[in-house]
Structures are given as C-alpha cells and as structure tokens.
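Residue strings, one per chain:
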Amino acid sequence: MIGVISYLVFFATVASILSIAVLGLNLQWGNTGLFNGGVVAFFGAGAYGTLLLGSASQDGLLGGFGLPYLLALFGGMMIAGIVAWIVGLLTLRLRHDYLAIATFGVAVAFENLVRNADLLGGAQGIRGFERPLRDTFGNGFTYNLLFFVFVLILLVLTYVFLERLIASPFGRLLRAIREDETAAQSLGKSPSRVRLTAFIAGSVIMGLAGGLYATFYAFISPQDVLPILTFQIWAMLIVGGAGNNKGAVMGTFLIWAAWTASGWALSRFAPLEVQLYTGSIQFVLIGFVIVGMLLWRPQGLFPEKLVVSQSAKTGG
Amino acid sequence: MIQNLVDGFLVGSILSLGAIGLTMAMHMLRFANFSHAELLSIGAYVALVFDGLFSAIYPALAGAIAPLSLTWALSLSILISMAITGISAILIDRLVFKRVRAKGGELSMVFASFGVAMILRNILGLIFGLDPKLYSQDIVFAIVVSRDPFLLVKPDQVFTLIAALLIMFILHLVLSRTTFGYSLRAVAENPTLAQVSGINLSRMIVLIWLIGGGLAAAAGVFYGLTNQINPVLGRDLVLPIFAATIVGGIGSIYGAVLGGFLVGLASNLALVILPSGYSPAVPFLIILAVLLIRPHGLFGEERA
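Top line first, the protein sequences correspond to chains A and H. Note that the numbering used here numbers the first sequence so that position 109 is 109, with each residue one more than the last. Add 316 to the 1-based position in the second sequence for the numbering used here, that's all there is to it.
It is worth saying that the hints were derived from the structure and are not from the lab. All figures in this text were calculated on a predicted structure; none of them were measured in a lab.
Here are the computed distance ranges between Cβ atoms for each label pair: (1) A:Trp85 <-> H:Lys419: 32 to 40 Å; (2) A:Arg193 <-> H:Ile609: 20 to 28 Å; (3) H:Leu369 <-> A:Gln275: 29 to 37 Å; (4) H:Asn543 <-> A:Asp118: 23 to 31 Å; (5) A:Ser57 <-> H:Pro465: 39 to 47 Å; (6) A:Thr278 <-> H:Lys419: 31 to 39 Å; (7) H:Val548 <-> A:Ser57: 34 to 42 Å; (8) H:Leu467 <-> A:Pro68: 56 to 64 Å; (9) A:Gly64 <-> H:Val548: 33 to 41 Å; (10) A:Ala117 <-> H:Pro465: 27 to 35 Å; (11) A:Phe170 <-> H:Thr508: 34 to 42 Å.
Yeah, the Cβ is synthetic: ideal placement off N, Cα and C, and Gly gets one too.
Bound-form chain A, shown alone (with noise of 0.2 Å):
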C-alpha cells in the first residue's frame, strides 16, 4: 500500500512540476499566442542554473556559489529570463515563424552546449546538491511527501498568479494583440514590447518548474533537455485547451498518465524486440495526438472561456 501512495506522490510531483512549465507555456502560446518552439531551453536554463548557483564547488565545473535553495531557485528562473530577453528581442519584431524557428534553435543549441560544455557538466551532466532541509526530514517518504506540498504550493501559486495576470488589464492586452494586433496598435499600446513581458514571464515560469526537477531529481543531464519535452508540454498545452489555466493543468495530468502508462504497458506486455523501439513507438502516439487533436479538437477539451466584453458580462 505504502508503495503505491509513495508512487503516486511520484508521479503527482513529476506531473506537478511539468504543469508549472505548461502554466507558462500557456501564458505564451494560448494568452498571448507566441509560439515557444524550445520549451526544453529555458526549461533547462531553470534546471542548471539552479543547481550550478545552488551547489557547493565541483570539480572543472561552473559555478560552486552554493547559495541558499530558494535564492538559487530564484536564479535559475532568472537565468530562463535572461534567455528569453536575447531570444525575444531578436525575433518579437518579426513574422511569428521567426520566432517558432529562433526557439527551436536555442533549444537545439543549449542541448548541444551542455552536452560538449565540460564546465556544464558535459554528456555525464551535474550531481546537484543535497536536497535542502533533507537532515530535518531524513530521506524517506515523508521528505517525498513534503517535497510535493512544496511543489504543490508553487503551482497553486503560479495558477493563482497567471489567473490574476490574465484578469488584469494586461491580461485584456494580451488577448487584444493576440486577436488584432493593429487594433491594439491604434490605440497606443506597443505590441512588440508586451509580447516581449509575456515571453519573458512565461521563460521564468518555465525556469521554475525546470529549477524544481532538477531538485527533484538532485541530477541534471542532456538526456533531461531533449527535444521530446518540449513535444510533451506541447500535447499537454493542447489537449487540456490552450488559453485555460485550468485545462492546462488538467491536459498535463492527463497525458502524462497516458505518457507513463504506455511507456509502462510497452515494457511489459511488448516482445523484447519492440522494447528497442519503445521510445519511437511512444514518439508517434505524441505525434498523432498533437496532429489529432489539431484537427478534430483545436479548441482542446477544456476550452478558454471567452469574455466578449466586461460589461456584458456584469450587465446580463
């Protein structure tokens, strides 16, 4: 029994990190409608910032602050938003599809340049440091337990956080240059820079979530940083319905249950000369379920409420 309550603590804790990532993902794409081609990027930034600021100095590698866990949590996120300002700057002006390229790029290049970096931690990646307050908990399941409240509380906080942004006149902002660009444009507002805030906010939000699993896992490799992440987030984003934080949320519990559950039910019930080709037959179901949903469901299962205007709402 206690296994599995500590596997579900697991599996809510991984679920949970990866719903702050899709939180900001949809802060970009479905509020604002940026697409982020390389998620795994500021994801990854997230992830090796915090464990580089937050672990005591290593051997030929970067970093060795050893700073306290939250600031170095703090600083991984800003490193996510560092990221996304150079990104963003260069490309916001642009046609949107520069941007879809300019992320795919960055994603492809970070993974390239924690693999071959040796102060990165090269292809063997960073032991991190020792999960924080572990002595008060001891190691077990109630440190895995608190550890998911910890996580618990930041995506309640990122929701209710998004949730205000997106009621908030910025918010109103978002979905005008979203929906028409030129009119929002006529009437004084800059486009360009807002789109730029928002890119940003959901990067940090991303560098969150990927600052938490790395502390999850206490290790950071290449193989974390791959581009079928930011494919998972994606398929999460848009099966739960792009632009509803609470779709968001629901669409990443629920793929990530069908991701794990395959991944289980292929290694156990397929032929051993299938297993081989485990991740390709996995890779192809995300595929179909991104196309799928496309084209049978764009609006997802949980669609964005859409306000016509506050004072028909209010007035009835």
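Fit chain H to the supplied structure of chain A, relying on the hints for placement.
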C-alpha cells in the same frame, strides 16, 4: 581550412536543395514547416528501397558507375524517389495541413508540422530500424586533390555538387522561361491579384509541394550518398535548412540557394575555431546573426 571550404560547399549544395522547397512553402502558405526536413529522409529511404529492388531485378544495373559508388540502379531510383516524395508531400498537405489551414490559424500549422515531423521520423525508424544505412557497401577512396594544402575529395561529392547545381539550373529555367514560372512568382508576390488573373491557387500549392518534395528527395539521396542514411537525418538537417531560408530571406528562391551555400560554408568554417561537437549549434548562431544584422535576409522583403 581549404578542406573545410570545399566540404562546406558540398554540404551547402544539399542544404540549398532542401531550402528551396521550404522557402516556397513558407512564403506561400505562411508557416514554418518543421516537417520539411523529413521529406529528405523519405526521399533517402525511398531511393534505398528502389535501389535494392532494381538491383535485385536487373543485376546489370547494380554496377557502379566508375569512379563513383553510385550505381545505375540508384541513379534511376533518385528520379523515382523525387516523384514519390513529391506525391507524399502533396498527400501530407491533403491529410493534415490543408485541413488545419481551413480551420485558420497559421500557428496551428506550425504545431501540426511538428507533429507530422515526429510521426514521419519515428515511423521511418520503425520500418527501417534505428541503425544507419548506406547505399553502397563498397569503399570509395577519396582522391587527394592536393597535398599542400591537403585536400581530399570523394568522387561522389563531386557528382553530388554537379547534380545539385544542374537541378537548380533546371529550376531556374522553369521559373524564368515558362508560364508556370511566371504564375508561381505572381502567386508569391500577391496571391489575390494572381487569382484575379486566372491563376488557380490550389493547383499552384499542389505544384509547390511536388517541386519542394522532389528537390528535398534529391537532397536526401545526395546526403545519404555522401554521409549515411538514418531516421534522424531530418532532425539533424532541419535547423541548417531553416537557417538557409532565413539567410536568403523567406520566400526568395535564389536567396535560399545562396543561403544554403552560405550556411554550409559557415558551418564548416566554424569547425576551424570550434570543437566539432558544437557544429549543430552553428546554424542557430547564423540565424541570430542574420536577425541582428539583416532581419529580412539577403533577398527577403519586409512583410507583416
């Protein structure tokens, strides 16, 4: 250094072929097609299948055309592969992109293209296996062109370069000398006006996929001939091809040709200063540099 230059030129010709189709589709349908590079993989594998088939049926065709490792069977397969890949591109458009397009949203198309790329790449992996394949098991020795500076060139590479340039020249003739070429350019410039002048837009889209797919297939086979064929070929080439279109300016066919050569040269010259592990990141740096200096590319024009 001179070796890097020559290698870069050879890789560049392959990238150019891939980038022409991509830039046409991107301009016409206004979306970044991340599945375009998978057409190169399809082309490479289709040629592999037909190469095997022809060699089995007519063993005489299996002989290599000296001094190349290219066989008569393979050269025939290239043409068939170009046709089949072009048709596959049309089919993919029919099945996915056209329907997504009808629902509106250019960005949904980008998502869809990622999904399509994922499906194609992994299905190829499932069919042909994950290990790399070669068209010919024969070892073809590189020719020492000069010893100082040291320069090695394989006959296949020379063939690839000449064939790629020939294909591009034919395309140039078609674009500049035929009614079809004029209509294509008209549609690229102003789709609405072109339609008013009696050009059938949906037929042009079909033709663009056919040409783009055909050129991609040739590029894929040439890549397989000079390197090897594997299911992740598309994944490795997608960024350099995009870089080529951005360097040339999205929508410019001649820009794509030049962009391909520039990206090929830059990627290979970068290896003079960078460790070779970093080469996949070079196209990204090129993209950043272009966006910084000349955001609309060499021949591109500003467009909302």
